[in-house]
Amino acid sequence: MFKSGKDTMREFPTPERVFALCRYVRRNPCNREDLYQELCLGSVFGDGSKDIFGYTLTVAQELELVKEIEGRYSVTDAAKELEEHISFRCYSAKIAFSRADSIYFKTTSLYLKLAEDVMKCPNWGSVAVLFNQNGMELSDNDMLGWRFWTSFLGVGYLHQQMLIPNCYIRFLDVLEIQESLRLSESIPIEEFMLWLEAQCPEIKESRDGNKIGLAVSNGLRTLDAQKVIELRSEPDAYKWKMYKFESEIINDLSHVRILR
Amino acid sequence: MEWNSVSERLKEIIQVDVMVNEKWDFMATHMPFNRLAVQFSGRTTATAKEMSEEEIYQQLVYNPNDEHRMIIVRGRNGAGKSHLIRWIRSRLHSNRRDETLKAEKVVFIRRIDNSVRGAMRQLIDQGVVSDPALKERLQSFIQSCDMKNEGELKSSIYYNFIIKIENEEEESSYKTAERKRLASFLRDDTIMNFLMREDGPVTRFYELIARPSGRIQGMEATFKADDFTAMRSIMQDIQRKGNPNTKRFFAEVKEANGAAKLVAYLNRFARAVIQTCANLSLGDAEGMIHQLRLDLKREGKALTVLIEDMTTFTGMDSELIKVLSIQHGGEYQDLCRVTSLIGITDEYYSAHFRDNFQDRVTHQITVDSATFESEETLAQMAARYINAAYLTQQETINWYNQGAEAAKLPYRTWQPDFTWESVDVEGALFSIFPLTKKALFGLYNRLPEKAPRFFIRDVIRIQMSAWANFQLGNATFPNISLSALGESPVQFLEMQHTARFDMLNFSNEEKNRLRVLLCIWGDGTLHEVGNDENRVIGTLPVKYLQLFGFNDLSGIQSQGNTLHGDQTSPRKEQKDPQVTAEVSERTRMYQNDLNDVENWYQNNMVLANSADARKRIYDFVIDAINWQMEGVPAYLVGIRLNTRSIFIEGQRQRSGDKEQALIVIERNQEGYWLLLALTHWGHNNSPKWDFKDSAFMQYKLILWLESHKATIISRLKGEPDTSPMIILQHSMALEFLRLGITGCLTYTEKDETVLKKLFMRSVSSNVSRNDSEDAWGRLLKNINQKHRSDSLTKNKDMLIALPNTHMGSVSRQGEIRKYLYHRDQIDDAFKVLKRLDWDPASLLPEKIIEKDELFTSAARQLQALLPGVKDVLVDERRKATEMLEQLKNELGEDLGRDIIVNASRKMADFLNAFNINYGGYYPAPLREHVVKIEENATLLARICKRAADLVNDEKFSLELAFFSSNPCQMMKEALDTIREVEKIANSAVEKAERDLENLRSTTTTDNTLLDKLKDGLIELIEQMKKFGGDNNA
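Chains as they are written, first to last, in the numbering used here: chain A, 1 to 260; chain B, 261 to 1293.
Quick look at which bits of chain A chain B covers, simulated, 3 or more residues with Cβ under 8 Å:
| id | stretch |
| --- | --- |
| 1 | 41-54 |
| 2 | 146-154 |
Derived coverage of chain A by chain B (criterion: at least 3 residues anywhere in the stretch with Cβ under 8 Å from a Cβ of chain B; other residues may be distant):
| id | stretch |
| --- | --- |
| 3 | 9-18 |
| 4 | 115-122 |
| 5 | 161-174 |
| 6 | 218-232 |
| 7 | 236-250 |
Here are the simulated lysine-lysine pairs, DSBU-like style, with alpha carbons at most 35 Å apart:
| id | chain 1 | residue 1 | chain 2 | residue 2 |
| --- | --- | --- | --- | --- |
| 8 | A | Lys120 | B | Lys1078 |
| 9 | B | Lys1148 | B | Lys1232 |
| 10 | B | Lys1078 | A | Lys50 |
| 11 | A | Lys239 | B | Lys948 |
| 12 | B | Lys875 | A | Lys227 |
| 13 | A | Lys120 | B | Lys952 |
| 14 | A | Lys106 | B | Lys948 |
| 15 | B | Lys948 | A | Lys211 |
| 16 | B | Lys969 | A | Lys239 |
| 17 | B | Lys952 | A | Lys204 |
| 18 | A | Lys94 | A | Lys3 |
| 19 | B | Lys1148 | B | Lys1192 |
| 20 | B | Lys1215 | B | Lys1232 |
| 21 | B | Lys1010 | A | Lys67 |
| 22 | B | Lys1205 | B | Lys1016 |
| 23 | A | Lys50 | B | Lys1094 |
| 24 | A | Lys80 | B | Lys969 |
| 25 | B | Lys1016 | A | Lys50 |
| 26 | A | Lys3 | B | Lys1078 |
| 27 | A | Lys239 | B | Lys771 |
| 28 | B | Lys395 | B | Lys424 |
It should be emphasised that the hints constitute simulated quantities derived from the structure, not laboratory data.
Backbone N, C-alpha and C define an ideal beta-carbon position, used for all residues, glycine too.
Model the full structure from these sequences, guided by the hints.
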């Protein structure tokens, strides 16, 4: 799912399962069989869930939350990120989007770039076709696995057969933990966006020059509406263009102010 | 401008209930009919020719050749029939110096008060009635109408119907006996009150005969089937109070067929009743006109009769038509020529002009309101009225007196300091300020009945009055009341413009008016063009908007190339002819749903299509929130969240529903956008986010979600009363109790096996409880009752599912086949319960849970079950204590295994000796029971020890597990066996002692044998006493 290079994105290792596995290992380091027996209540339900267990353990290792030494599984130094869902999400996003050559990163980046075209697709199969026309080699199953993580990591919102593009949660997470940008000060848009792209490298491809993509625009607008940031358009200042909405007074951004 | 005068003039030129105004105002506002369909026959199928009003006057009304004419002016209610007839009257008047017309008697019956009384007054006033006796009778009726109150006349009408029914001599659709029942039915007080109510059929007759009415102009006075089928509403009263006749007749006429039969029967008497009530006799109307025609012929004159509305002559209409249709000449050469123009609705014509009557009609003129329905024509009509309102009455009179030439009509206006729309009126430009052509057209199309009369009354008068009152400082402009705008919502063309509009800083009242101006007066957008003083928003000059208080308004400026994110150009859809009808139906439903949302938001109406709305909200929320990663188990969401748990403000839901709901949609901007976005999304053939403004709608949708997500999640978790972890604890505790009560726990249970049993689908038990009458047995019986058993099964399902992980939409959860648990949660819950020794009392809320819901179900069952379980354990402990004491009495203080084995063996030896040595008898199973005591000695000794321990140390989980296996049963069986052996031994002693006594008292020669017997009995007694008597074991 998240490893560099060629890979698949199976649907079984959902974020919830990875979280559940890691939380158990944190308290109970053990060998693989014991881990399966305890996590899947093998003594009650038998061996029917070995496949989902196996994939889940793999993704937990890919996310560098669980390590295996001589057949014994334990958590890594990142164990503190398992305290709650949000820290797990922030940490997972950081690792998942740190490998630009992973299939997950490339798919997400392409989704953000083609968000408007994706909306025209009636189902995930046709999204796979669209992505494959743009250089990917994805199966329908890959799309199923990808969407669970992408909606969890805050890049979009699942809705029936589609993922509504909006990076609000993703941006909220990086803003919550950031310390480099000043609060309440007007930050020039270029500085802010370059910082944001450094934190969220998957959004880079969705930008066309100074034109910000749909998911990023809607994420910023949602942050503004939720009073997390304030979008500003100051006269005579250098501006970046958001995805245009006639309803909005601000479509061209010159500054961003972080409110909280 | 004298605004008070303008306000008054509006009232004069446009009267609310009846379209009567002065002739000069009439002419000043008259809109020429240029395209009237004229048929030269009474047949509705005859070919029509288009003629202007002037051509009709010249060729049909002006009648120098003395040709007989009976001209029907047909059209819908409000289409302008009266207006045309009135114009012809004015045209005749303006041409009065013409020689032909000098010899013409013109009788003009207007629809002044739309009643028979009004028609009669006009006939008298215009000298039509020459017979003194008839004149006196008519005057008497008019006076009586003035004097009688409404109730009297209505009663008179009602009883006249009954009289007609009772006195009918012919056999008709009702036989004599049925007519009697009908009369009795009509005399019933409840029926009478119902039929004579304010909006009932008798009131219609009353209004036609006597009462001026603006509400039901042109409506015929007849009974309708609905008048009787609607009686279902009084069914209970009839059933309670009605006599058998009434009930019988009621049962018939409340059904459609019975009602139709009765209506047809009653309407046969309608005209006769009206005649009676109007003091008319058969032949009066005919005689009156006949005499007039005779008189005029003698004077060398002809007759022109203009009747605006024939319904005002109900009761004598047939006679009138008949006498007016008689052509002069031949056998009627003593009658003058008559030209009649009679206004009739289409419905009246088709109902009352049968074949023979149609033959008498020479021409039909159809006044079609559609001829006025163009934007330009409506604007011209409005311009005339606006101008007339600004003119003083004297100016209009002067113009009228000078020949009322259209081209010479004076022009007055109120000119703003910016350009405004004007229209051509007879070659001159008339301003329509403060209205626009689009506003006039839009408001016309919002009328419930689209006809010129209602346009003039409900659009021009209402808005111009608002304008005058605005100038006087008494009102705001425009008038946005329901009567002014109708019920259709006022919508912007572009959704994003609606959103921008919502952000404007005006009060709600101001916004409502501004929305009307922008959407009905303007082009329905906020597009802004031009600079400074020439700025225009939505095609309306900014100065115009400022005039009504809308200052500091800015619109949406076009920014040239808007390729990036520009979704303003509608996508072209490929049309497949085969699906056109389907698409059209879908589009209609789509628009209905959009209007529904607008009306819900703007007009506080109920959301008619709330079921669809709830489904769409559910489909969105269920997927868009990452439930499990927000700490809400998928199982909880799947069961708890459904369309019924969504509350939409303003629906017909109970007030308590809002507090109980998991999702609350409030009637505010956020709720509005949510509903609108999902309505747009849901109306694609296969719903997808591929429609105009979809990206914007998505943004609004997410905005709503993020504003409400925390509340929804908290409610779903059951906070603040509970949480998923507490639910898990309750569920686990309840299953533990169930396992204990059903004998599935053992005293030596390890944590691993307890956990396994908690999650196993079924756990078997070897314990049987035969005594269903003891406390435990009753408890078992109780939980085996179906509803309790089902609840416990559901709890088990929940326990298995709640901490499990789930893949995919939480709306799709079938049977669980894959397991990967939040094992840390299971362990946490287990630890908590173990720490509490599995007694969950301290985890339960103090307040009794009344409602059975998933998230409180386990707690509720625990509240019900736990006290009973504790009582049962007390009972078991008491029983165990007693058994223990009794066993000690039998076997001594030490109830160890060896003691028990020893006792068992001694009992066996005794039974053996008793049988073999002394020939004693005992039941066969007793020996087996004795042997079984030795076999179970280890277990029995352990049970006795644990029972002794538990009596001294009350531990809930150990007690439940211990008594779960029914240990008292084994103790009791052992005790019973020991006592039975004792009993046998004691009986044997008694018998032996009696035998010994007898032996001693017997005299015998063989003392040796006697002594031997004596010794044997003494030994037996000693042996038996070892087992019988008190504490001999």
